[in-house]
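Participant: Let the sequences and hints guide you as you build the complete structure.
Chains as they are written, first to last, in the working numbering: chain A, 1 to 200; chain B, 1 to 200.
Hint data in this document are derived by calculation from the structure and do not stem from the laboratory.
Hints should not be assumed to be uniformly reliable.
Identical copies look the same in the list; a pair holds intra-copy or inter-copy alike.
Calculated lysine-lysine pairs in the DSS-like style (CA-CA distance at most 25 Å, straight line) [to be verified]: (1) K153 - K14; (2) K14 - K195; (3) K195 - K169; (4) K153 - K41; (5) K121 - K195; (6) K153 - K195; (7) K121 - K14; (8) K169 - K153; (9) K195 - K41; (10) K121 - K169.
Being a predicted model, the structure only gives us computed values, none of them experimental.
Protein chains: 2
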Amino acid sequence: MSATMTTSKQTKRKPVPLNGVDTPTLFATINAVSAQPELGKFQFRAKNRWLSGTHSQSTMHGFFGAGGEQTHIAPYSAEGDHPAVLSGDDAAPSPVEWVLHALASCLTAGIGTIAAARGIKLNRVESTVEGDIDLRGVLGLSADVRNGYQGVKVSFEIDGDASPEQLEKIVMQSQARSAVYDILTNGVPVSVSVKTPATV
Amino acid sequence: MSATMTTSKQTKRKPVPLNGVDTPTLFATINAVSAQPELGKFQFRAKNRWLSGTHSQSTMHGFFGAGGEQTHIAPYSAEGDHPAVLSGDDAAPSPVEWVLHALASCLTAGIGTIAAARGIKLNRVESTVEGDIDLRGVLGLSADVRNGYQGVKVSFEIDGDASPEQLEKIVMQSQARSAVYDILTNGVPVSVSVKTPATV
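Facilitator: Structure follows, in structure tokens:
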């Protein structure tokens with residue numbers, strides 16, 4: 001989820017589809033939201049169901065945006081579980097690994113989009129995301145250790161028809177406009193509510 | 001990823017497997033990490049590869065923990081893409097939806113684990129996670145609008161063989177010990193590095 005008005009001002013070229021990005025539609029979207037800001041209000045959703053132990057399944061289908069209710073072309077589902085060393089059945093990636101996937105996929109989507117907006121053809125984009133965590137936090141063994149990652153490191157390798165400097169700038173712009181990077185680095189207010197049979 | 005020493009001190013019952021959680025192993029893990037804190041140092045990883053446009057794929061296989069290199073029972077993979085209204089092919093959930101799945105699966109894993117540790121049998125746990133985002137941020141249309149979610153709301157429905165108060169306390173304890181809840185609400189330092197063909 002990344003684009004840049006700056007780029008459209010800097011470059012006078014007519015946008016053409018590139019890197020699999022429908023660039024004309026992207027700029028049309030930017031212009032539409034610019035003219036009618038309420039079109040930019042989105043709500044994304046996941047519905048989760050406990051299966052057993054530490055294993056659960058989410059479905060992501062409907063979302064609100066562009067002025068109305070939308071649905072994905074299919075109801076996507078995914079599972080989460082703890083590995084065996086963390087009292088799970090290892091039936092799926094762990095929740096903290098899903099965070100890394102969210103970050104990698106957001107930054108990479110931005111790279112594809114920004115490169116297209118700048119008229120740069122990409123050949124290859126790969127990344128490794130590493131998150132360091134001390135389980136004394138979640139295990140309740142130390143009040144001084146946080147529950148979550150202490151740090152996350154993203155290492156990109158990128159190849160495209162541009163100078164190393166141009167390629168690096170694409171990654172930096174994606175970081176500057178990434179929704180997930182912002183969520184992880186700046187935090188977000190999260191509210192949790194509970195209904196029990198007595199309140200349902 | 002949640003457990004609680006407090007609970008093991010409060011309850012004198014012998015831990016037995018419950019809710020699909022191998023509770024004796026869980027307490028053995030807590031005791032092992034307590035005795036040898038370096039066993040609690042974990043590193044989780046995702047390797048991502050750009051496919052086209054805003055579409056990419058991550059693989060989650062190896063991780064470090066419990067004193068050595070580990071692998072999941074299988075290399076798990078997942079994709080990410082933008083919906084069509086955001087210049088993607090809608091081939092997969094969007095990166096910001098993966099964040100919601102990460103949060104739901106973490107809190108739910110904690111609920112299963114904590115209930116087991118407290119000797120409470122669960123019948124049903126379902127949740128809806130909603131994240132509100134204003135795309136003027138990522139589209140570069142307003143310096144006053146953040147890129148990420150402005151807020152996230154988690155709504156649980158939980159049923160089990162316990163009082164409403166006990167069930168609510170399980171959810172609250174999961175929130176208090178959730179890695180992903182901590183990451184999202186408190187933020188985490190993220191570093192991004194880039195290699196181009198010139199530097200590879």
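Participant: So which hints don't hold here, by number, going up?
Facilitator: 1, 2, 9
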